[in-house]
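K.L.:
For the working numbering, add 79 to where a residue sits in the sequence shown, where the first one is 1.
For the record, the hints were derived by calculation from the structure and aren't laboratory data. One should not assume that every hint holds.
What follows is a set of in silico ranges between Cβ atoms, one per label pair, in the way DEER data are often shown [as the list claims (entries may be wrong)]:
id: 1; residue 1: Pro-197; residue 2: Pro-218; range: 27 to 33 Å
id: 2; residue 1: Asn-192; residue 2: Tyr-140; range: 33 to 39 Å
id: 3; residue 1: Ala-217; residue 2: Gly-193; range: 18 to 24 Å
id: 4; residue 1: Glu-222; residue 2: Val-184; range: 20 to 26 Å
id: 5; residue 1: Glu-191; residue 2: Gly-141; range: 36 to 42 Å
id: 6; residue 1: Val-189; residue 2: Gly-144; range: 28 to 34 Å
id: 7; residue 1: Asn-192; residue 2: Gly-141; range: 20 to 26 Å
id: 8; residue 1: Gly-193; residue 2: Gly-136; range: 14 to 20 Å
id: 9; residue 1: Asp-167; residue 2: Asn-192; range: 39 to 45 Å
id: 10; residue 1: Pro-195; residue 2: Gly-163; range: 20 to 26 Å
The beta-carbon is built from N, C-alpha and C at its ideal position, and this holds for glycine as well.
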Amino acid sequence: MAALPRFIGVGPVRGVAPLQEIAMFTLPKSVRAAVVTVAALSAVALAGPAQASASAGYVAYGDTGTAVKCVQIAVNLAKDVQAGVTVDGVWGPRTEDAVRKFQRVVPWAVGENGQPIPLDVDGVVGPNTGDAMLDVIAPKAHEWLTTCYYALPTSS
80 MAALPRFIGV GPVRGVAPLQ EIAMFTLPKS VRAAVVTVAA LSAVALAGPA
130 QASASAGYVA YGDTGTAVKC VQIAVNLAKD VQAGVTVDGV WGPRTEDAVR
180 KFQRVVPWAV GENGQPIPLD VDGVVGPNTG DAMLDVIAPK AHEWLTTCYY
230 ALPTSS
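Model the full assembly from the supplied sequences, consistent with the hints where possible.
P.N.:
Shown next as structure tokens:
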């Protein structure tokens, strides 16, 4: 491989490989700016929003917003829970109790042996509880499915 030219006054750029460093400093300023902009936008696009579906942040007591509305819809629709909580997007004591009941009676999945795999009864909506809630929401409140998919934490 041919020796790479050294640029006087140009030291190493942190996080940039030597070949990339040389390429950046030999490009015109306007092209370098475009490359940096594209790289920054790519990093943001790859990282996704702060609350991406797989997984959105956990939802728990004291939280407010769309994710809590999804939780409230799920606990109201779940056959063995039917909590009757107000869908107001504010997680208070009634929502907390309903989530714990949901976690006790609604399985996360069915194992290879055909037995239900229970949820952890912790009063927190994490990926497994989020999956179970989406399974309840999908057939009964399909108009909320997309919103809740992006708001609730899930395993996929």
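K.L.:
Each of the hints needs a verdict: does it hold here or not?
P.N.:
To see whether the hints hold, each was checked on the structure:
Against the hinted window of 27 to 33 Å, the Cβ-Cβ separation of Pro-197 and Pro-218 comes to about 22 Å, which falls outside the hint. Checked against the hint of 33 to 39 Å, the pair Asn-192 and Tyr-140 passes, with Cβ atoms roughly 34 Å apart. The hinted range of 18 to 24 Å is satisfied by Ala-217 and Gly-193, whose Cβ atoms lie roughly 22 Å apart. For the hinted restraint 20 to 26 Å between Glu-222 and Val-184, the CB-CB distance of approximately 25 Å keeps it satisfied.
At about 38 Å, the CB distance of Glu-191 to Gly-141 agrees with the hint of 36 to 42 Å. Checked against the hint of 28 to 34 Å, the pair Val-189 and Gly-144 passes, with Cβ atoms roughly 31 Å apart. Here the CB-CB span from Asn-192 to Gly-141 is close to 38 Å, at odds with the stated 20 to 26 Å. At about 33 Å, the CB distance of Gly-193 to Gly-136 disagrees with the hint of 14 to 20 Å.
Between Asp-167 and Asn-192 the beta carbons are some 41 Å apart, a value that agrees with the proposed interval 39 to 45 Å. Range check, Pro-195 to Gly-163: about 24 Å between beta-carbon atoms, so the 20 to 26 Å window is met.
Hints 1, 7 and 8 from the earlier list are contradicted by this structure; the remaining hints agree with it.
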